[in-house]
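> For the sequence shown, my numbering gives the first residue as 1, with consecutive numbering after it.
Just so you know, not all the hints are guaranteed correct.
As the list claims (entries may be wrong) - Using 20 Å as the maximum straight-line C-alpha spacing, the simulated PhoX-like pairs for lysine-lysine come out as follows: (1) Lys-150 <-> Lys-167; (2) Lys-181 <-> Lys-208; (3) Lys-181 <-> Lys-162; (4) Lys-150 <-> Lys-171; (5) Lys-167 <-> Lys-154; (6) Lys-100 <-> Lys-110; (7) Lys-162 <-> Lys-208; (8) Lys-208 <-> Lys-154; (9) Lys-154 <-> Lys-171.
If you are wondering where the hints come from, they were derived from the structure by calculation, not from laboratory data.
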Amino acid sequence: MLSLAARSGVFAPYLQSTAFAVAGPLKPLAPGVAVQAEKVLLDVKKPFLCRESLNGQCAKTGPVVATSLNGFSKVRYAHSDITVPDFSDYRRSDVQDVRKSSRDSSDNRKAFSYLVTGAFSVVTAYTAKTVVTQFISTMSASADVLALSKIEVKLSDIPEGKNMTFKWRGKPLFVRHRTQKEIEQEAAVSLAELRDPQHDLDRVKNPKWMILIGVCTHLGCVPIANAGDFGGYYCPCHGSHYDSSGRIRKGPAPLNLEVPFYDFLEDDLVDVWELVWSQVLVISEMPPSRSKPFYGALTGRDEACSGHHG
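Hey, can you work out the whole structure from these sequences and the hints?
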């Protein structure tokens, strides 16, 4: 409108722009509220610290207020307004009296502490032993498994100089009736000549009977009895030679043939068995299975091996 009046030429002095506000017929639902601005208060100045203002905050116990012109003003509270903690509930009756020295009852207090600690340690160790024993016993073999882990061999059926093979727990079991010549020959072998040094008497309970597990220690093949360069056992798969004592003498096998657990029930009856967890729990000291297979500690029959070591 203003621009139109400016362009009207000679009629410009006679024209003017006017704005009119026309009230509508609608009325507001709520009356307007005038919002007043919130007053901003300035920071209140801190009270001046002087001797008079500080003197009312301190305890009346002497010169505890210090002020200076170029330093800090401070208030030192006396010890009379500090609560001293009381540890009487945590002290023993022997050290409650502050007028007595604690050295007089030191030995008695230490002895009681050591006694309680030792008793607690013993109870803890016994409890741990019981828990571990029960846990290991759950891994022991059942009665039917124990029955299959044993085999009884009648030795009178094996002639002298012969070897008989039995099946025991899925493995071949060699029982050899050795001659006197074989016994003397194997006993005379020097340990320096052996790859896995073991004396012949350390591998038998009765020199006449050699009991072995017929699994080659090289790759698990089954050797042939009464064969090989040393007249004992021979593995045709890879050429391992064992003597009549089951000791490796030639070929790739690293160890001697394994000697199982066995006991002589009678002169002509041998019981071959396998060690299981339930039997380990009752062993206090067991000799190594490879060097000294005398397991009388488990059955109480160890008198047969007493003359084989010296």
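> Just pull the numbers of the violated hints for me, sorted ascending.
Violated hints: none at all, because every hint is consistent with the structure.
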